[in-house]
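Peer 1: Guided by the hints, dock chain X onto chain R, whose structure is given.
Going down the list, the sequences are from chains R and X.
For my numbering, add 123 to where a residue sits in the first sequence, where the first one is 1.
For my numbering, add 43 to where a residue sits in the second sequence, where the first one is 1.
No lab work stands behind these hints, which were simulated from the structure alone.
The C-beta atom is built at its ideal place from N, Cα and C for all residues, glycine as well.
Please note that a few of the clues may not be correct.
Restraint ranges, calculated between C-beta atoms of paired labels, are given here [stated by the list, open to error]:
id	chain 1	residue 1	chain 2	residue 2	range
1	X	SER138	R	ALA243	46 to 54 Å
2	R	HIS230	X	GLY134	27 to 35 Å
3	X	LEU148	R	PHE323	42 to 50 Å
4	X	PRO67	R	ILE190	21 to 29 Å
5	R	GLY240	X	ALA136	50 to 58 Å
6	X	LEU187	R	ASP201	22 to 30 Å
Chain R stretches covered by chain X per the calculated footprint, using a threshold of three residues with CB under 8 Å from any CB of chain X [stated by the list, open to error]:
id	region
7	160 to 173
8	180 to 188
9	198 to 209
10	285 to 292
11	304 to 316
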Amino acid sequence: MLSLRHFGICARAAIRELHDSMRNLLTETWPWYMAGPMIGLFVPALLLAGNKVFGVSGNLSHLCAAILPGKVEFFRYDWRRVGLWNLVFLAGVVIGGFLASHAGATHDIAISAETKGALARLGIHDFSGVAPHELFTWHALLTARGFVSVVVGGFLVGFGTAYAGGCTSGHAISGLANFELPSLIAVVGFFAGGLAATWFILPFVIGRL
Amino acid sequence: MTNTSVSEFQGCGAGSEDAPEARPAFLAVYLLLGIAFGVVLTRSEVLSWFRIQEMFRFQSFRMYGIIGSAIATAALSIALIKKLGLTSVSGEAISIQKKALGGGLRYAIGGTIFGLGWALTGACPGPLFALIGNGVSVMIVAVLSALVGTWTYGLLRSRLPH
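One chain only, chain R, in its complex shape:
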């Protein structure tokens, strides 16, 4: 009887612990060694579901093809057949972002002190939220630095991914995992552009504009 009661207490404690860790999973920041493999698993998940290659930026083409193909040959294809699955996936990404951000308390992104210091010297002082309010609010959109960050940045993302035929998911993850040389060239380009913008363009955009 004693052992049975003991078992009951242990089981209850274990369930509580499991419950807590599940809660933490939904509310806490994941360590890199958990986040990375989780992202990588979307590649086999999509292949096994329907032989689909994981990649988000193709959706920008699909949306153009669906909304305004015009006379542009690049967008004259059957977007439903080619990309409906991916657009549905994309809708899920928005919903998932909403759900995750509403589960549990939000907290500042715990970036390194060095990064904080460097950004503060550029003129970023609000470290709450996932993106700085100095650049990414509707009000900031009317400032030069907000406009460059959102409108110019967005344009370059759309133009660049269409030109390169992929983004971080399609080239850096799916492509490199499949050992494709085009993807390696693209990823080198991603970092060349990212480093140039971070070190030469952003100091001007944030500090001077």
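Peer 2: Frame of chain R; chain X shown alone:
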């Protein structure tokens, strides 16, 4: 223009043009996977402008650890799927069409242009949409601008070096 197949130039996630249209039951699967991906992007914080800055300033291993272990996990999974000769739940043989190298210029130039935008917005396409879900509603403008960018590429495509 030569007769290019959709999957050759349409970019990541294009799929093959002769692929059957996804059945409604499978669309639910893709929706659930997308929701999971949105949760992962949020909880891993890779959608954060601050994390992207930290990465491009080499001030934390975190993003490199995430991208590296994601690639390793995907590579091992692909190798395993090929070795076991698995077919998808929808009944197709699993095959990943390799991208054509061509002159390689499109990857170098296009990649660099995307990289500039990645650092400016602090987001690649997936996070751009996840951020809207996170309540950073101004990213709707970034998405619209990205659509204009993609459309502009489509318009200029025949005049750009590839």
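Peer 1: Okay, X:PRO67 versus R:ILE190 on CB: inside 21 to 29 Å?
Peer 2: About 22 Å separates the Cβ atoms of X:PRO67 and R:ILE190, which means 21 to 29 Å holds.
Peer 1: The hint says 22 to 30 Å between X:LEU187 and R:ASP201; measuring C-beta to C-beta, is that right?
Peer 2: holds (24 Å)
Peer 1: Can you confirm whether chain X covers the region 304 to 316 of chain R, using C-beta to C-beta distances below 8 Å and requiring at least three such residues?
Peer 2: Result for this restraint: holds, n = 12.
Peer 1: When I compare C-beta atoms, does the region 198 to 209 of chain R have three or more residues closer than 8 Å to chain X?
Peer 2: Coverage by chain X holds for the region 198 to 209 of chain R (10 residues, Cβ < 8 Å).
Peer 1: Please verify the coverage claim for the region 160 to 173 of chain R: does it have three or more residues whose C-beta sits within 8 Å of some C-beta in chain X?
Peer 2: Answer holds; 14 residues pass the 8 Å Cβ test.
Peer 1: 46 to 54 Å was suggested as the range; check whether the CB atoms of X:SER138 and R:ALA243 agree with it.
Peer 2: 50 Å Cβ-Cβ, so the 46 to 54 Å window holds.
Peer 1: Would you check chain X against the region 285 to 292 of chain R, counting CB to CB pairs closer than 8 Å, and say if three or more residues qualify?
Peer 2: n = 8 at 8 Å, threshold three: holds.
Peer 1: Okay, X:LEU148 versus R:PHE323 on CB: inside 42 to 50 Å?
Peer 2: Once the Cβ atoms are compared, 23 Å apart, the range 42 to 50 Å for R:PHE323 and X:LEU148 is violated.
Peer 1: Do three or more residues of the region 180 to 188 of chain R come closer than 8 Å to chain X, measuring C-beta to C-beta?
Peer 2: Held - the region 180 to 188 of chain R has 7 residues with a Cβ nearer than 8 Å to chain X, which meets the minimum of three.
Peer 1: Do R:HIS230 and X:GLY134 keep their Cβ atoms within the hinted range of 27 to 35 Å?
Peer 2: violated (45 Å)
Peer 1: So the hint says 50 to 58 Å: do the beta-carbon atoms of R:GLY240 and X:ALA136 match that?
Peer 2: The hint (50 to 58 Å, Cβ to Cβ) holds, given that R:GLY240 and X:ALA136 are roughly 53 Å apart.
In summary, the numbered hints that this structure violates are 2, 3.
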